[in-house]
Every structure is written in C-alpha cells, then in structure tokens.
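K.L.:
These are the residues of each chain, in order.
There are 2 protein chains.
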Amino acid sequence: MKVLVIGAHGSVGKILVKKLQESQNHFPIAMVRKKDQLEAFKEQGVETVLADLEGSISDISQAAKDADAIAFTAGSGGSTGADKTMFVDLDGTVKAVEAAKDAGIDRFVIVSALGSQQWLEDPHPDWLDQLGPYYPAKFYADQWLKNSGLDYTIVRPGLLSDDEAEGKVKLAKTLVESGKITRSDVAQIIIDSLDNDDTRKKEFDVISGDTPIKEALKELEQ
Amino acid sequence: MKVLVIGAHGSVGKILVKKLQESQNHFPIAMVRKKDQLEAFKEQGVETVLADLEGSISDISQAAKDADAIAFTAGSGGSTGADKTMFVDLDGTVKAVEAAKDAGIDRFVIVSALGSQQWLEDPHPDWLDQLGPYYPAKFYADQWLKNSGLDYTIVRPGLLSDDEAEGKVKLAKTLVESGKITRSDVAQIIIDSLDNDDTRKKEFDVISGDTPIKEALKELEQ
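Here the protein sequences come in this chain order: A and B.
If you count the first sequence from 1, position 165 lands on 467 in my numbering, and the numbers rise without skipping.
If you count the second sequence from 1, position 144 lands on 446 in my numbering, and the numbers rise without skipping.
There could be a bad hint or two in this list.
List time: in silico DSBU-like cross-link candidates among lysine-lysine, alpha-carbon distance up to 35 Å [what the hints assert, rightly or not]: (1) 403/A with 403/B; (2) 386/B with 386/A; (3) 304/A with 504/A; (4) 320/B with 448/A.
Take a look, some chain B residues computed to stay more than 12 Å from chain A by CB distance [claimed, not checked]: (5) 329; (6) 339; (7) 356; (8) 362; (9) 386; (10) 387; (11) 397; (12) 408; (13) 478; (14) 520.
In short, the hints are calculated from the structure, not lab data.
The beta carbon of each residue, even a glycine, is placed where N, CA and C say it ideally should be.
Build the full structure now, drawing on both the sequences and the hints.
P.N.:
Written out as structure tokens, the structure reads:
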C-alpha cells in the first residue's frame, strides 16, 4: 500500500515513514511543506511531495494522487498559537479529508488525542481544558472525518513519549484512565491498522499496556 | 414566540432584544454571561438568563428551557485572541445547537458571516484569509448547525455598521459581491426569518440593497 504520510516531518511522522520504508508491504510518500524537509527525505530514498495543509484542497489532492491511503500525523505543536490550532489541527485535517475524497482514496488513519471525543460531554475530564483549543480542534476534525464516508481509523494516543517502543498497549474505544505511549508504538499502530481491515470505521484511545498491538486491534469491538 | 437571544449583550443582540420586546408576537429572553449585563436587561423589563457559551451544554439547555426559538448573535469579537474564536464562535455555536436539541427547540437562527460558506472552496476570496481563524470558525459552526436536524436559518451579513436601519437589502444564497449592512437590519432579518417558515433550512448572504426585507426573504429560493 502506498501511504501518504501527512506531517511526515513531525515526531510521529518521521518514525512512521521509516517503518513504512522498512515494511514488506507498504511504501511511504512523505508530504512536507518545506523544501529543506523534502531534501532530507529524498536523501533517505523516500518519495516526497510538497504541499501545505494551510494551502488548498486541490494542492493536497494533487500530492495524494498516487497514494492508496493517508496517514495523518500532522499537528501544529505546542509552540504555535491558537490560530495554527484552527488552521492545522482542525482545518488541515478537514482539507486532507476532502483531498482524499477528491483523489479517490478511501483509507484514512489519523492520530488524534486521548479523551478528545469527550469534549462536548458534561462533565468532561478537567484536563481537557488544559490544552486550550487543541482538544476541540481534534474533536471537530475527527467529527468531520467520521461524517466523510471514508474508511477512517481514529487513533487517540495518551501522552506521547520518545521512549523505546514497547509493542504492548491498552486500547479501547474510550479508556477511563490516561497514560503514556511511545511515538514508535503509535506509528506501529497506524501500520497495523492499515493491515487490519476490521479497524475501518473504528476509533480508539490507546496507552502503554500489556497486549501486543496486533492482538489489541483484533480485540477491538465497537 | 419566546426567543432566547444568545449574545444578547452584543451589538446585534442588544438591538434584537429591543425589537423583540417591541414586537407584537415575540418575547425576548436575553442570555448573558455576566451579572452586570443581567441587571441592565432586567431594568429594561427584559426576561434574562445567565449562562456562558464556554460552560456546559446543560447550562445552556437549562437557560433555553422556556424558549420556542434561539437567535444566536454571539461572537468573540475582534479584540480577543484566536482561542476565543475557537471557544465562542465555533464551540459556543455547537454547544448552543446541542442545547437546543436537548431542550426540544427546533428553531435556530444564527448570524454568520458573508462569504464564510466559501471557506473550503478553491480558490476562495482572498479576504477570507484576512480575519484569521474567524471565517473557518463560522464555517464549521454553520456546518454543525446544518447537520443538526434543527430548522436553521443562517444569516450571513456583510460588513456590519451602526448606521440607521435601511429596511432594504440584497439577499441571495451566495452573493458575488460584499457590502455593508446595518446591525438594525440584521436584527430585523432575524425577526422576519422567525416569522417566515419558508426560511427554515435556508442560508443566505445579505447586504444593503433595494428590496424590502420581508420581500427579499420571500424571494429566497434554494
């Protein structure tokens, strides 16, 4: 499967590109918005496309034209303002979803945030208010994807760490507790979701745990 | 009709409350978030409720329990940051829509912004990018309302002015040009929309023009 990685230069995206490159059955296309990012991937022998989530849907659709699936790992990050939260985390997702539809790509796996699906619930967990507009942005973005008709998988990891991959997780549609998970495990979950058709039209929270990823995805029922 | 005015203390909201109070067939309930705003309306003999769009859906639903319709005129305004654009213009609308559903209120008239429906179009008008995250916030808020099942009317005025009411407008689902319109005329359009069942499930741009408001609403076809 040719997988367009949107947010390829991000912390999860970089690992995902590498894992896809090393996999037997997948092939990454790294979408980046800056030319220097593009060069770095080219040097690694990775197919790259230049497009900006703050640009037009047609630019993204053009970038996606050779892909069979989209893995959306982009995020505005903690150091930018709330305007970028709107433009990247919400609007960027929506544009990518619409671009996927325009390009005839059905499969769309996205990295969301644990708990964000509870945004409108009352009461919602207090910590949902701590990251300002990030959680509602992820919530509305995921809603758009769920209404899109695409074969989505929404991966909602807990607190991301750069630790070594553990390969074992705790995974459920909604977890009552939060916890950490490594970026490497999140990248692996994306790949294993692409490999498991039963994860289509599914969404789940995930943190570090005791169950091997593939098994946890198999056990997922909604 | 008892109309809950959300954003009653805003520049359009204040005029709307007054017009509803003076009307023969409507009755305003002013929803405000601060106690001093509440006192001011009480002195005018206006029924008031205290609730915050940044609070919970159930608080808003409770505030709406006696209403037959909701008129949403709230906005974060130009002097607050992009976080408030997310929390008030987008999230506040969504909460109000969900509160309307919870309270069993079908009718929902909202003040949006001319051109915002073109947000995802490519190319979209350049000026859509000038107000930062305001236009996407309005766009996504309106999308939520349109998907809600409520009998919405989405009023998308051009540049708001405090001039005297003109009573005549130019109105269409999408206008190719922009222009000014008075806040008083926008308030009147809300009332005339409530009085015209054919405006249910309708949305339109509107600026100052040559057609009396009631007539322009009658001519609206989509």
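K.L.:
Now look at each hint and say whether the structure bears it out.
P.N.:
Hints and how they fare:
no.: 1; hint: 403/A with 403/B; result: 30 Å, holds
no.: 2; hint: 386/B with 386/A; result: 13 Å, holds
no.: 3; hint: 304/A with 504/A; result: 21 Å, holds
no.: 4; hint: 320/B with 448/A; result: 42 Å, violated
no.: 5; hint: 329; result: 28 Å, holds
no.: 6; hint: 339; result: 23 Å, holds
no.: 7; hint: 356; result: 9 Å, violated
no.: 8; hint: 362; result: 10 Å, violated
no.: 9; hint: 386; result: 8 Å, violated
no.: 10; hint: 387; result: 7 Å, violated
no.: 11; hint: 397; result: 7 Å, violated
no.: 12; hint: 408; result: 20 Å, holds
no.: 13; hint: 478; result: 20 Å, holds
no.: 14; hint: 520; result: 33 Å, holds
In summary, the numbered hints that this structure violates are 4, 7, 8, 9, 10 and 11.
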